[in-house]
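Student: Each chain is listed here by its residues.
Protein chains: 2
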Amino acid sequence: MTELPTDSGVNALLTACRNVSTDPDERARASIDRSGYVPGGIPDGIVYAESVDDVVETLRLASLYRVPIVPRGAGTGLAGGSAATAGNVVLDVSRLNRIISIDPVEQQAVVQPGVLNAEVNAATAEYGLFYAPDPASTAICSIGGNVATNAGGMWCAKYGVTRESVLSLQVVLADGQILKTGRNTIKGVSGYDLNALIIGSEGTLGVVVEATLRLRPKPLHTATVAAYFANPAAAAQAASAIIAARIQPAILEFIDGGTLAAVDAMMGTDHSSRGNAFLLAQTDGYGALLEQQVLIEAITPFALSIEQTDDDGRAAELVAARRNAIPALQLLGRVSIGDIGVPRKRLADAVQGLAEITARTGVKIFVIAHAADGNLHPMVVVGHNESITEGPAKVALGEMFHLAQRLGGTLTGEHGIGLLKRDWLEEEVGSLSLELQKKIKAVFDPLGILNPGKGI
Amino acid sequence: MTELPTDSGVNALLTACRNVSTDPDERARASIDRSGYVPGGIPDGIVYAESVDDVVETLRLASLYRVPIVPRGAGTGLAGGSAATAGNVVLDVSRLNRIISIDPVEQQAVVQPGVLNAEVNAATAEYGLFYAPDPASTAICSIGGNVATNAGGMWCAKYGVTRESVLSLQVVLADGQILKTGRNTIKGVSGYDLNALIIGSEGTLGVVVEATLRLRPKPLHTATVAAYFANPAAAAQAASAIIAARIQPAILEFIDGGTLAAVDAMMGTDHSSRGNAFLLAQTDGYGALLEQQVLIEAITPFALSIEQTDDDGRAAELVAARRNAIPALQLLGRVSIGDIGVPRKRLADAVQGLAEITARTGVKIFVIAHAADGNLHPMVVVGHNESITEGPAKVALGEMFHLAQRLGGTLTGEHGIGLLKRDWLEEEVGSLSLELQKKIKAVFDPLGILNPGKGI
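Note that the protein sequences, when read in sequence, are chains Z and Y.
Residue 160 in the numbering used here sits at position 160 of the first sequence; the count goes up by one each step and never skips.
Residue 1011 in the numbering used here sits at position 11 of the second sequence; the count goes up by one each step and never skips.
If you're looking for bench data, these hints aren't it; they were derived computationally from the structure.
Please note that a few of the clues may not be correct.
Said to hold, decoys possible - The list that follows gives simulated cross-link-like pairs (lysine-lysine, BS3-like), each with its CA atoms no further than 25 Å apart:
| hint | chain 1 | residue 1 | chain 2 | residue 2 |
| --- | --- | --- | --- | --- |
| 1 | Y | Lys1345 | Z | Lys180 |
| 2 | Z | Lys158 | Y | Lys1439 |
| 3 | Y | Lys1158 | Z | Lys218 |
| 4 | Y | Lys1218 | Z | Lys438 |
| 5 | Z | Lys345 | Z | Lys158 |
| 6 | Y | Lys1218 | Z | Lys439 |
| 7 | Y | Lys1218 | Z | Lys345 |
| 8 | Y | Lys1180 | Z | Lys439 |
| 9 | Z | Lys439 | Z | Lys180 |
| 10 | Y | Lys1218 | Y | Lys1158 |
| 11 | Y | Lys1218 | Z | Lys218 |
| 12 | Z | Lys180 | Y | Lys1438 |
| 13 | Z | Lys439 | Y | Lys1158 |
| 14 | Z | Lys438 | Z | Lys180 |
| 15 | Z | Lys438 | Y | Lys1180 |
| 16 | Y | Lys1439 | Y | Lys1394 |
| 17 | Y | Lys1180 | Y | Lys1438 |
| 18 | Z | Lys218 | Y | Lys1345 |
| 19 | Z | Lys438 | Y | Lys1438 |
| 20 | Y | Lys1180 | Y | Lys1439 |
| 21 | Z | Lys180 | Y | Lys1439 |
| 22 | Y | Lys1439 | Y | Lys1158 |
| 23 | Z | Lys180 | Z | Lys218 |
| 24 | Y | Lys1158 | Z | Lys158 |
| 25 | Z | Lys345 | Y | Lys1180 |
| 26 | Z | Lys394 | Z | Lys439 |
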């Protein structure tokens, strides 16, 4: 459906918009996200939106001139969803970064898309409230991107992903019209769930310019357990034992030995000396300590050692091991961050299958995982000058997907399809589903100007 | 888009399908749900599907002959969503009532649409698991209808609505193709969220023939509080105080004095002698008793009396007051069950506004509410021979909607639009949203044969 943009169309758009940059360095920075994917070119320009009107005007002109627009927030995506190349114009919404309001009584916040995830929690903490979706990148990722990818994080096994915490959205459509989705009440079923349709659509259906977030009471009590295991299989068994004990940890994170060593090297910690696999578990709420005891009983048969703490400082240190896992691995080489989901009981099988992929392909794979919801991040690490989108890394990515599929799982638990995983999407969702998705895309964006080639 | 069906088309379909009934009594029963809505006619026939193939074949023929199909489960809808009239053929899926599998380790169940909500919980209880969405009609409503309306219930403030507990679906599309939506993992973001799009679409996008449900660990501990108040305003203030105390009750139900009297008359209980408004609160989990204490402290300033119990039998009696509210009111007259949602902090304003509607219109309105999520069920009660879709009852319904809208709320929290609320949908969601929804409907059902005129 997309006609190729003419240079004159791009130029006309860039001339007509406010706050445009065509600086080559800025364009190069705006061509990539944190996926490691490097497009063949750089975008023709960047529009820095400073108001909803700027977004409206940019998209109106983009429709007029048939210019492919790549929406961009903080640029921390892990699937190439905001990667941009020659012929594209980047619509950067990071300056739309106001927390518009916080309603502590109703437990809601209204924010612009450029607000960072961590900023929401910093601003709501004084009311004893928190915003539950917490990607590892919380300090640097923005709400717009969280919505685009339906971001998850460590707390979402208990508190749900972005979809469960975004009540309503204002979205600028491809033609510049403003759509309101969802509502400001906790429940509501009037009409189709366009709010859920926008969430996770990776900027292909519209550009989010405002989100009403559901906040939750911050648990008064949190209890933290760190357990070390002789091998990943034992840790996976322990994670299954926690699920089987029918408790609901707020956090249940798995880290393998190789990743622990990388974290230790970066942070000066000693995790890897205590075992070759690690589980971090937090229970929270009024029953945190009681639940912690049940959790410890469940994992004791499998663990080398168990540390428990109610001290917030020590708990934060332990959580930091997980939060720093990705940066620590990035010191070792170029990293492609896998994101497969499997049924929770298949965690051990998934870890074993990843080891077999390494054995077959020679590609190094480190593993961290949100064990409570079966979402693994297998980290393919190649040399700093090697490709993560071609060659052995791509072979390993494909094998990972087939592993997930064989175990009854999914290609992507929370990062999105972006550009990196397009090749396997149809195999997962089926041709009928993909065909319907393409038709829905055409309903929202008949000219195909919004983040073309991404997501679906 | 729909061409009028020819009688010969309907006849051809009814002749070609298995398990067809044209019995007038059965057709009359299949023309209504529990909304009180009475269509002008009755459907031409009923196809009782006994297999997925039966559904496929029926829809294939319906597309061929352009026959409007009204999908029907247990017929307990409260908005006319499964009402059927002359020219319609009802596709009854209530015989697709097998629990296909329960996986206690992964905490999932795969069920057919005709399985009753309560049957899921009966079957999963032995594993210590439960299915969280629990409409008051749990004993008689089926999973297919729960999916069609994105049903809620008493537990959903804490555990989420149907959308949060349905992982994947098999859906037969209008042309007979089988679509799989969602996935069997807790998280997953591959492609658009068609699963959420189908959930709550009131049978207008496809017919659900299988659902994979997420089960949750049944809390080991539950603590119940029943509190009585001098008036509804005091009860609403108490509900707000509970939210402000930043605890998360599993159940928080409001019942007004008139409803209490009706329940007492039916059940032989004495609730109405103890106050003119009632809150039922349950906390659950390892911290249930601690949370209960905080809850009691929060409501004490507002209550006439407070009863607390950890006894399951007594708790069930108290919960029964809520579960029997609708049948009790139905003994008083014909009931139109409102379903507005408001921000939780506006509960008292909503109750006050409903009293004003009664004063203005002379229409009796009783109020029960899921107070923890601001979902009120204002019950319009008219004489057994009066209309609930025309005259004063309709005026009251319209005023209710505008009250909800004025308070920042919604027309329907969990029952759906069906036929009863179509007149106000566009005003709530806006013309742009409705236009997009109609285009999405056309993507799934280009001939417009699926539950025409319902929902959107």
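Student: Taking the hints in turn, state whether each one holds.
Tutor: Results of checking the hints against the structure:
1. Y/Lys1345 - Z/Lys180: holds, 22 Å
2. Z/Lys158 - Y/Lys1439: Violated - the C-alpha atoms of Y/Lys1439 and Z/Lys158 are around 35 Å apart, more than 25 Å.
3. Y/Lys1158 - Z/Lys218: Roughly 14 Å between the alpha carbons, so the hint for Y/Lys1158 and Z/Lys218 holds.
4. Y/Lys1218 - Z/Lys438: The given pair, whose Cα atoms are some 40 Å apart, is violated under the 25 Å limit.
5. Z/Lys345 - Z/Lys158: Distance ~17 Å between Z/Lys345 and Z/Lys158 Cα, so the pair holds.
6. Y/Lys1218 - Z/Lys439: Violated, at roughly 41 Å.
7. Y/Lys1218 - Z/Lys345: holds, 19 Å
8. Y/Lys1180 - Z/Lys439: Holds, at roughly 16 Å.
9. Z/Lys439 - Z/Lys180: holds, 21 Å
10. Y/Lys1218 - Y/Lys1158: Judged against 25 Å, a Cα distance of about 13 Å means the pair holds.
11. Y/Lys1218 - Z/Lys218: holds, 23 Å
12. Z/Lys180 - Y/Lys1438: holds, 16 Å
13. Z/Lys439 - Y/Lys1158: violated, 35 Å
14. Z/Lys438 - Z/Lys180: Satisfied, since the Cα-Cα distance of roughly 22 Å is no more than 25 Å.
15. Z/Lys438 - Y/Lys1180: holds, 16 Å
16. Y/Lys1439 - Y/Lys1394: violated, 29 Å
17. Y/Lys1180 - Y/Lys1438: holds, 22 Å
18. Z/Lys218 - Y/Lys1345: This hinted pair holds, its Cα atoms lying about 19 Å apart.
19. Z/Lys438 - Y/Lys1438: This hinted pair holds, its Cα atoms lying about 16 Å apart.
20. Y/Lys1180 - Y/Lys1439: Cα-Cα ~21 Å, so holds.
21. Z/Lys180 - Y/Lys1439: Holds, at about 16 Å.
22. Y/Lys1439 - Y/Lys1158: Not OK: Y/Lys1439 and Y/Lys1158 at ~34 Å, beyond 25 Å, violated.
23. Z/Lys180 - Z/Lys218: violated, 29 Å
24. Y/Lys1158 - Z/Lys158: Roughly 11 Å separates the two Cα atoms, so the pair holds.
25. Z/Lys345 - Y/Lys1180: holds, 22 Å
26. Z/Lys394 - Z/Lys439: violated, 29 Å
When each numbered hint is compared with the structure, violations occur for hints 2, 4, 6, 13, 16, 22, 23, 26.
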